[in-house]
Amino acid sequence: MKLIYSPASPYVRKVLVTLKELGLEDKVEFVKVTTSVVDQSDVLAAANPLTRIPTLVMDNGKPLYDSRVITQYLVSLAPSCGFYPESGEARWDVLRLEATAEGMMDSAVNARYERGLRPAEKQWDDWVDGQMKKVHGALKALDGEAASFGDGINAGIIAVASACGYLDFRYGDMGWRESYPALAAWYAKFAERSSMKETQPPA
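Heads up, the sequence shown stops at 203 in my numbering, and the numbers go up one at a time, no gaps.
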């Protein structure tokens with residue numbers, strides 16, 4: 001397999017943490033690229049018509065994209081891990097948790113692009129505020145659930161950790177821990193896992 005990635009992406013981190021937790025790193029060739037909406041990587045475009053990271057090229061040469069698709073494929077290679085429960089309420093809980101975290105990433109990344117890529121005179125403050133309102137909505141929901149996370153790990157938990165890590169990376173002055181203490185306490189412990197420490201985005 002070949003993973004086309006950029007270490008600053010929270011979606012990439014989610015996949016990298018999953019790889020480490022499943023012990024699949026040695027089966028993957030890592031191809032680091034620099035890409036953005038306005039300056040797209042040719043290497044990435046050749047593998048993925050949407051030019052989005054991460055993109056996983058399977059051994060048969062076919063690409064997979066969208067981090068949720070990639071993580072489900074990786075989990076299929078280690079089916080006993082239980083990262084996606086097969087059925088019942090537990091499955092839907094994990095998928096909902098993953099979707100909440102992915103939505104938080106989407107809004108945080110969109111706000112970052114607005115501030116970091118769009119010319120200052122064209123930036124839309126109300127749009128950024130709307131995106132960050134979604135981030136806070138997700139944080140509030142996750143804070144209400146954090147006590148149930150315990151020491152467990154699954155695809156939803158990994159996604160939540162990756163989303164929280166992105167806020168630390170791109171929104172260091174946001175102070176989300178003070179407003180969402182239960183989530184902060186859980187994340188502080190989860191962030192000590194080697195898979196999290198080894199996938200921290202560049203300073």
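Check before you lean on any hint, since a few could be wrong.
[Stated by the list, open to error] Within a straight-line C-alpha distance of at most 27 Å, the following computed DSS-like cross-link-like pairs (lysine-lysine) qualify: (1) Lys2 - Lys197; (2) Lys2 - Lys32; (3) Lys140 - Lys62; (4) Lys140 - Lys27; (5) Lys62 - Lys32; (6) Lys2 - Lys62; (7) Lys32 - Lys134; (8) Lys122 - Lys140; (9) Lys20 - Lys2; (10) Lys27 - Lys2; (11) Lys133 - Lys20; (12) Lys134 - Lys122; (13) Lys122 - Lys133; (14) Lys140 - Lys189; (15) Lys122 - Lys62; (16) Lys62 - Lys134; (17) Lys27 - Lys62; (18) Lys20 - Lys189.
The set of hints was computed from the structure by calculation and includes no laboratory data.
None of these values were measured; they are calculated from a predicted model.
Against the structure, the hints:
1. Restraint check for Lys2 and Lys197: satisfied, since their Cα atoms lie roughly 22 Å apart, inside the 27 Å limit.
2. Between the alpha carbons of Lys2 and Lys32 the distance comes to roughly 10 Å, so the proposed pair stays at or under 27 Å and holds.
3. For the proposed pair Lys140 and Lys62, the alpha carbon gap of about 38 Å is over 27 Å, so the pair is violated.
4. Distance restraint check for Lys140 and Lys27: the Cα-Cα separation of roughly 38 Å exceeds the 27 Å cut-off, and the hinted pair is therefore not satisfied.
5. At roughly 18 Å between alpha-carbon atoms, Lys62 and Lys32 fall within 27 Å of each other, so this suggested pair holds.
6. In summary, the hint linking Lys2 to Lys62 is supported, as the alpha carbons are separated by about 10 Å, within the 27 Å threshold.
7. A distance of roughly 30 Å separates the Cα atoms of Lys32 and Lys134; the hinted pair therefore is violated under the 27 Å criterion.
8. A C-alpha spacing of about 31 Å is found between Lys122 and Lys140, which places the hinted pair above 27 Å, so the restraint is violated.
9. A C-alpha spacing of about 15 Å is found between Lys20 and Lys2, which places the hinted pair at or below 27 Å, so the restraint holds.
10. In summary, the hint linking Lys27 to Lys2 is supported, as the alpha carbons are separated by about 9 Å, within the 27 Å threshold.
11. Of the supplied pair hints, the one linking Lys133 and Lys20 is violated, its CA atoms being roughly 32 Å apart against a limit of 27 Å.
12. Under the criterion of a C-alpha separation no larger than 27 Å, the hint pairing Lys134 with Lys122 is consistent with the structure, at around 22 Å.
13. For a cut-off of 27 Å, the pair hint linking Lys122 to Lys133 stands: about 21 Å separates their Cα positions.
14. This hinted pair checks out: Lys140 and Lys189 have alpha carbons roughly 19 Å apart, not beyond 27 Å.
15. Straight-line distance between C-alpha atoms of Lys122 and Lys62 comes to about 39 Å, which puts the hinted pair past the 27 Å bound.
16. Taken as a hint, the Lys62 and Lys134 pair is broken in the structure, with Cα atoms around 34 Å apart against an allowance of 27 Å.
17. Simply put, Lys27 and Lys62 have alpha-carbon atoms about 16 Å apart, close enough for the 27 Å limit, and the pair holds.
18. Annotation: proposed proximity of Lys20 to Lys189 holds, straight-line Cα distance about 17 Å (limit 27 Å).
Comparing the model with each numbered hint stated earlier shows that hints 3, 4, 7, 8, 11, 15, 16 do not hold.
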